[in-house]
Amino acid sequence: MWKTIVRRVLVMIPQLFVLSLLIFIMAKFMPGDPFTGLITPETDPARVEELRIKAGFYDPWYIQYVNWIGNAFQGDFGRSYTFNVPVSNLIGDRALNTLWLSLLSVFLLYLIAIPLGVLSGRFHDSFLDKSIVFYSFIVYAIPTFVLGLINLFFFGYELGWFPTSGTVDIKYDSGTAGYLWSKFYHILLPAITYALLATTGIIQYLRTEIIDSKSMDYVRTAKSKGIPINKVYSRHIFRNSLLPIAAFLGFTITGLLSGSIFIETIFGYPGMGQLFIQAINGRDYSVITALVMLFGFLTLLGSLLSDIIMSIVDPRIRID
Amino acid sequence: MKNTETIELTKEMKASSPPTGFQVIAREFMKDKLAMFSLISLIIVISGIYIWAWQIDQTQLMRISLRDKLAEPGEKFWLGADKGGRDILGQLIVGARNSLSIAIAVTLITGFIGVVIGLVTGYFGGWIDNIFMRIIDFFITIPSLMIIIVFVTIVPKYNIPIFVLIMSVFLWVGTARIIRSKALSESRRDYISASKTLGTRNFIIIFKEMMPNLSSILIVEMTLNFAGNVGLETGLSYLGFGLPPSTPSLGTLVSYANDPFIMENAWWNWLPASLLILLLMLGINYVGQAIRRSADARQRLG
Chain A
1 MWKTIVRRVL
11 VMIPQLFVLS
21 LLIFIMAKFM
31 PGDPFTGLIT
41 PETDPARVEE
51 LRIKAGFYDP
61 WYIQYVNWIG
71 NAFQGDFGRS
81 YTFNVPVSNL
91 IGDRALNTLW
101 LSLLSVFLLY
111 LIAIPLGVLS
121 GRFHDSFLDK
131 SIVFYSFIVY
141 AIPTFVLGLI
151 NLFFFGYELG
161 WFPTSGTVDI
171 KYDSGTAGYL
181 WSKFYHILLP
191 AITYALLATT
201 GIIQYLRTEI
211 IDSKSMDYVR
221 TAKSKGIPIN
231 KVYSRHIFRN
241 SLLPIAAFLG
251 FTITGLLSGS
261 IFIETIFGYP
271 GMGQLFIQAI
281 NGRDYSVITA
291 LVMLFGFLTL
301 LGSLLSDIIM
311 SIVDPRIRID
Chain B
1 MKNTETIELT
11 KEMKASSPPT
21 GFQVIAREFM
31 KDKLAMFSLI
41 SLIIVISGIY
51 IWAWQIDQTQ
61 LMRISLRDKL
71 AEPGEKFWLG
81 ADKGGRDILG
91 QLIVGARNSL
101 SIAIAVTLIT
111 GFIGVVIGLV
121 TGYFGGWIDN
131 IFMRIIDFFI
141 TIPSLMIIIV
151 FVTIVPKYNI
161 PIFVLIMSVF
171 LWVGTARIIR
181 SKALSESRRD
191 YISASKTLGT
201 RNFIIIFKEM
211 MPNLSSILIV
221 EMTLNFAGNV
231 GLETGLSYLG
241 FGLPPSTPSL
251 GTLVSYANDP
261 FIMENAWWNW
271 LPASLLILLL
281 MLGINYVGQA
291 IRRSADARQR
301 LG
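For the protein sequence lines, the chains are A and B, in the order given. Take 1 as the starting number for the first sequence in this note's numbering and just add one per residue. Take 1 as the starting number for the second sequence in this note's numbering and just add one per residue.
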């Protein structure tokens, strides 16, 4: 087990290395240079030139790359040129917002998907099952941004049930109960949107798993011993099907990341996804490179997590 | 003599062997009313869009007329007008045509690359397989949506063919992986070994003997990819990194909703495009699922 994990981590290193090289070269090709934002009519061109030399703008690219990656290892991704703060501070704040949004989304996801999957499998071929399958099909087909906008339009603007952007009302002081409630209230609609979109996988999985286990020997044994049917489901079938669901967590993380770009843009939520779009529009290289590296790292971590959980839960799927 | 024998033989085979390929797919559609309905409406809607868009003059359409700013749906504009006073319905039709064309192009290109790489790596295995698997592993780990966005912003001469190419570079991986795993198991079948012993050239075995047996999986894969590509193109255009601003796209129309005033007060600017995307995605996915069921004997309805 440990051997496998160590090996998987070792494989991650060259992958991250190639990604860093790719993203560094791409950043070099971006139009303009990082000091464009600093130049105003009053700035002395010689001063800017000096800054460029000092920042290593004219060094050969491989020296720049080594410097960048060396600093990145120490958690220093340079300064953001549009926000004029160290990139790590900037991302730290935004990452916390994205983390809250993701935690609530995952919680709601399991809260919605598990009951639906269980019901659909238990009463399969009934009207209920057909409606659940139909629902999961629709949310599978609908693109993130379409559902996000439609939710925002109806629940945010038309019905006025939810705030339409931001993280918290300005009228509350940080630390108070009202502040926390307002924060929660602001992420609720984006989190529901995300949770709905991701339900299909879990519903499908639980449904087929439960239908399959109905005909298993252990279920028949339990039934013939006279155990009430509800208990057979909750104790035997459900427990056996539940653990692999945890493995979806890894994929969910990966999906959340790419979804966060859309969700955060639509709901005006200041997280990492929205930061990425702002950085692209502001040509803020240091922020772009740091974010792509971070997302790449998290994607790898997500798939590693899934594999580990899978191999613990189901010894047949050993990764080695 | 020999000819009649083969005809006799094929007749016999037709009578006794289980139905294959298109027959199965057709039967699956006959059994599933909703899939049939989706298929027919998709055909009508898509061909309608192409014929209609063909009659619209794009430069005329994109001309700004401030007098009609945000005109409500009515006699002059069936679906109203946008901030520049441009007809929404026209943009919807031309935009849908552009979005669909891009999705079709990307699907075909990635399908072709994916099939060739998947078949070759799956058939030969060994070091070729190893190299391509490392490349595929790499592509899976990268946050491709972000990298496509970065690419779009650094390409100097940005137009539709380049956009299609950028998308294709990152999207062949899934198809290649699925085709590879199927080709791996397929290449161990007896008919392949027999063909190898007979001295058939690898090229012929791969593309003439193995590929037809994987075609049902390929069709499923391509249909679902097509839906995914419509979603990705419109999504990128929605964020402002898809088609150039002068070219209408469904995503660009949806992005009008980013202005809270338009979102709240001029729903006709963005809602029709959102609903059209939703309907297209539902239809294509439904058709794809039906084909998938017919490719897998255990799931068939008929």
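Hints are not guaranteed to be accurate.
[Stated by the list, open to error] Some chain B residues near chain A, calculated using beta-carbon distances under 10 angstroms:
1) Ser215
2) Ile219
3) Gly240
4) Ser255
[Claimed, not checked] Below, a list of computed lysine to aspartate or glutamate pairs in the DMTMM-like style, where the Cα atoms sit at most 25 angstroms apart:
5) B:Lys182 <-> A:Glu209
6) A:Lys183 <-> B:Asp259
7) B:Lys31 <-> A:Asp125
8) A:Lys3 <-> B:Asp137
9) B:Lys33 <-> B:Asp57
10) B:Lys31 <-> A:Asp129
11) A:Lys130 <-> B:Asp296
12) B:Lys182 <-> A:Asp125
13) A:Lys214 <-> A:Asp129
14) B:Lys33 <-> A:Asp129
15) A:Lys130 <-> A:Glu209
16) B:Lys83 <-> A:Asp129
These are calculated hints, taken from the structure and not from any lab test. Using N, Cα and C, we set each Cβ at its ideal position, and we do this for glycine too.
- Message: Interface hint check: Gly240 (chain B), Cβ to nearest Cβ on chain A, cutoff 10 angstroms. Holds or violated?
- Response: holds (8 angstroms)
- Message: Please verify whether Lys31 (chain B) and Asp129 (chain A) have alpha carbons no more than 25 angstroms apart.
- Response: holds (19 angstroms)
- Decide if the proposed pair is consistent with the structure: Lys31 (chain B) and Asp125 (chain A), CA atoms, cutoff 25 angstroms inclusive. Holds: Lys31 (chain B) and Asp125 (chain A) sit about 16 angstroms apart, inside 25 angstroms.
- Given the hint that Lys182 (chain B) pairs with Asp125 (chain A), does the C-alpha gap stay at or below 25 angstroms? Between Lys182 (chain B) and Asp125 (chain A) the Cα gap is close to 31 angstroms, so the pair fails against 25 angstroms, i.e. violated.
- Quick one, is the Ser255 (chain B) hint okay against chain A at 10 angstroms, beta carbons? holds (9 angstroms)
- Is it true that the CA of Lys33 (chain B) sits at most 25 angstroms from the CA of Asp129 (chain A)? holds (18 angstroms)
- Task: Below or equal to 25 angstroms on CA atoms is what counts here, so check Lys182 (chain B) against Glu209 (chain A).
- Result: Within the cut-off at roughly 24 angstroms; holds.
- Is it true that the CA of Lys3 (chain A) sits at most 25 angstroms from the CA of Asp137 (chain B)? Status holds; Cα separation ~20 angstroms.
- Message: Restraint: Ser215 (chain B) near chain A, CB-CB cut 10 angstroms. Satisfied or not?
- Response: violated (24 angstroms)
- Message: Run the distance test for Lys214 (chain A) versus Asp129 (chain A): straight-line Cα separation, threshold 25 angstroms.
- Response: holds (15 angstroms)
- Take the C-alpha atoms of Lys33 (chain B) and Asp57 (chain B), compute the straight-line distance between them, and say whether it is at most 25 angstroms. violated (38 angstroms)
- Message: Check the hint pairing Lys83 (chain B) with Asp129 (chain A) against an upper bound of 25 angstroms on the C-alpha distance.
- Response: Given that 25 angstroms is the threshold and the Cα spacing comes to 45 angstroms, the pair is violated.
The structure does not agree with the numbered hints 1, 2, 9, 12, 16 stated previously, though it agrees with the rest.
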